[in-house]
Structure formats: structure tokens, C-alpha cells
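K.L.:
So the chains spell out like this:
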Amino acid sequence: GAGVSQSPSNKVTEKGKDVELRCDPISGHTALYWYRQSLGQGLEFLIYFQGNSAPDKSGLPSDRFSAERTGGSVSTLTIQRTQQEDSAVYLCASSLVGASNYGYTFGSGTRLTVV
Amino acid sequence: AQRVTQPEKLLSVFKGAPVELKCNYSYSGSPELFWYVQYSRQRLQLLLRHISRESIKGFTADLNKGETSFHLKKPFAQEEDSAMYYCALKTNAGKSTFGDGTTLTVKP
Numbered sequence: 001g002a003g004v005s006q007s008p009s010n011k012v013t014e015k016g017k018d019v020e021l022r023c024d025p026i027s028g029h030t031a032l033y034w035y036r037q038s039l040g041q042g043l044e045f046l047i048y049f050q051g052n053s054a055p056d057k058s059g060l061p062s063d064r065f066s067a068e069r070t071g072g073s074v075s076t077l078t079i080q081r082t083q084q085e086d087s088a089v090y091l092c093a094s095s096l097v098g099a100s101n102y103g104y105t106f107g108s109g110t111r112l113t114v115v
Numbered sequence: 116a117q118r119v120t121q122p123e124k125l126l127s128v129f130k131g132a133p134v135e136l137k138c139n140y141s142y143s144g145s146p147e148l149f150w151y152v153q154y155s156r157q158r159l160q161l162l163l164r165h166i167s168r169e170s171i172k173g174f175t176a177d178l179n180k181g182e183t184s185f186h187l188k189k190p191f192a193q194e195e196d197s198a199m200y201y202c203a204l205k206t207n208a209g210k211s212t213f214g215d216g217t218t219l220t221v222k223p
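Residue numbers (the numbering used here), protein chains in the order written: chain B, 1 to 115; chain E, 116 to 223.
Be aware that one or more of the hints could be misleading.
Beta-carbon label-pair distances, calculated as ranges [to be verified]:
no. : chain 1 : residue 1 : chain 2 : residue 2 : range
1   : E       : 222       : B       : 101       : 43 to 53 Å
2   : B       : 51        : E       : 223       : 45 to 55 Å
3   : B       : 54        : E       : 160       : 26 to 36 Å
4   : E       : 173       : B       : 9         : 25 to 35 Å
5   : E       : 170       : B       : 8         : 32 to 42 Å
6   : E       : 130       : B       : 16        : 42 to 52 Å
7   : B       : 13        : E       : 160       : 20 to 30 Å
8   : B       : 71        : E       : 131       : 50 to 60 Å
9   : E       : 193       : B       : 54        : 39 to 49 Å
10  : B       : 101       : E       : 135       : 19 to 29 Å
11  : E       : 182       : B       : 71        : 41 to 51 Å
12  : E       : 181       : B       : 14        : 44 to 54 Å
13  : E       : 120       : B       : 80        : 29 to 39 Å
14  : E       : 222       : B       : 53        : 41 to 51 Å
From chain E, some residues computed to sit far from chain B (all C-beta separations above 12 Å) [claimed, not checked]:
no. : residue
15  : 119
16  : 127
17  : 130
18  : 141
19  : 147
20  : 170
21  : 175
22  : 182
23  : 184
24  : 193
25  : 197
26  : 208
27  : 211
28  : 212
Covered stretches of chain E (chain B as the covering partner; in silico rule of three or more C-beta atoms under 8 Å from a C-beta of chain B) [claimed, not checked]:
no. : segment
29  : 131-137
30  : 152-162
The hints are simulated quantities; they were obtained by calculation from the structure and are not laboratory data.
Cβ atoms here follow ideal geometry from the backbone N, Cα and C, with glycine treated the same way.
In isolation and in its complexed conformation, chain B is listed as follows:
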């Protein structure tokens, strides 16, 4: 597709349930990023995939969070046993190459609400 696609756009889940968020980056972009945007706060880095290299998971807030990227394309962010503090907008972005002066192209995000 022409842009970064994220699904679902909205997700309401009960506390304790698992959720999966999907990101389809721009074709040919080797770098893929997940960020979290909470109300009134900036973007919090979660995880970064670059080609076939091991992902940078340094931003994942707990072991309830995990992500994978299959075939260098689609990525899935999984949150297990969701908590209310996980409520946020989860943004995916891709870039032509990670370590470069290319900027990011963002998806429209998944708004996660844990009730």
C-alpha cells in the first residue's frame, strides 16, 4: 500500500485479556518502529526492527509486551494480561533505512482502551 497501515484502529479490551496490534509498513522500508503515545505525553519508544538484525527491544515496558516482524514486513505487537495503564495510542512507523537521515512514515495508530 501507499502508507503504513495499522489495525485495528480502535480496540477496547477487558483487563487481563491479551491483545494483538498489527502494522503493515511501506513496501521496501527495512526499518519498523513501535511507539506508544499517552494523553498529554510524548512518544515513548517500544521496539525497533531493522532488516534481519536482532530487534532493539529496549523500550518494552514489561515482559507482557512482545513484538515480531515476519518476513521483514508485517509486524505484530502483543500485550498479554492487559492492564489499565496500557491504555494509549500505539503507533507504528517505518523508514527506508534505520540508521540514516530518513524520517519516519507513521500509521494512524491503534487506540487501545483497557477497561
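Keeping the supplied structure of chain B fixed, place chain E upon it in accordance with the hints.
P.N.:
Positioned in the frame of chain B, the structure of chain E alone reads:
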């Protein structure tokens, strides 16, 4: 560790007035600096990058390594500039650190 500071959470100016959104950073390496913008009900998008030294929608930003700043400026603000603006620093490892953002309101 890298850090990006946007000291103003909210900034309000009148149409036609100059506007400057401040951004300061700390990073021991050679930084790549960016400004991103998010208009109401739209996705976050790249506005400009320091490497290209370009003017986009009348906005410019100059990297000042001595002051570790990358302020965004526009000489005459327009109502359509009202949005949330994020400054970001990309390290040579490839990931970016974002500031907390500044909400700009341009009043008629």
C-alpha cells in the same frame, strides 16, 4: 542517553505573528534532528529534517550544535498551522527519541 526537550507544552500566537517552537537536545554523537506535525484528526507526519535545510509550509529549523538546539520558526503564522509539533532526535543506531510535543494554536 539522548534526550529531547520541548519546554513549551502550549503556544498561542495571533495570525500573521512570528512563531518559534523550541527544541533542545542532548546527545553525545552526531544527531539527526527532525520536526513532525500532527494536525487534528490526522496522523503524525514528517515536517522537515535538518539535513535537507529546506523550508516546508514556510517553516524552517536550523541546527545549532553549540546551543544543542533545533528551534522551528515561521515568520508569519497561519490558522492552518495550528497543530501538535514534535521534535525528534535520531541516533546513529537508527531509533528516535521524541520530545513531549508543543500544541500550537494560531488565533484569528
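K.L.:
Please flag the earlier hints that this structure goes against, numbers listed from lowest up.
P.N.:
Those not satisfied are hints 1, 15, 19, 26, 27, 28 and 29.
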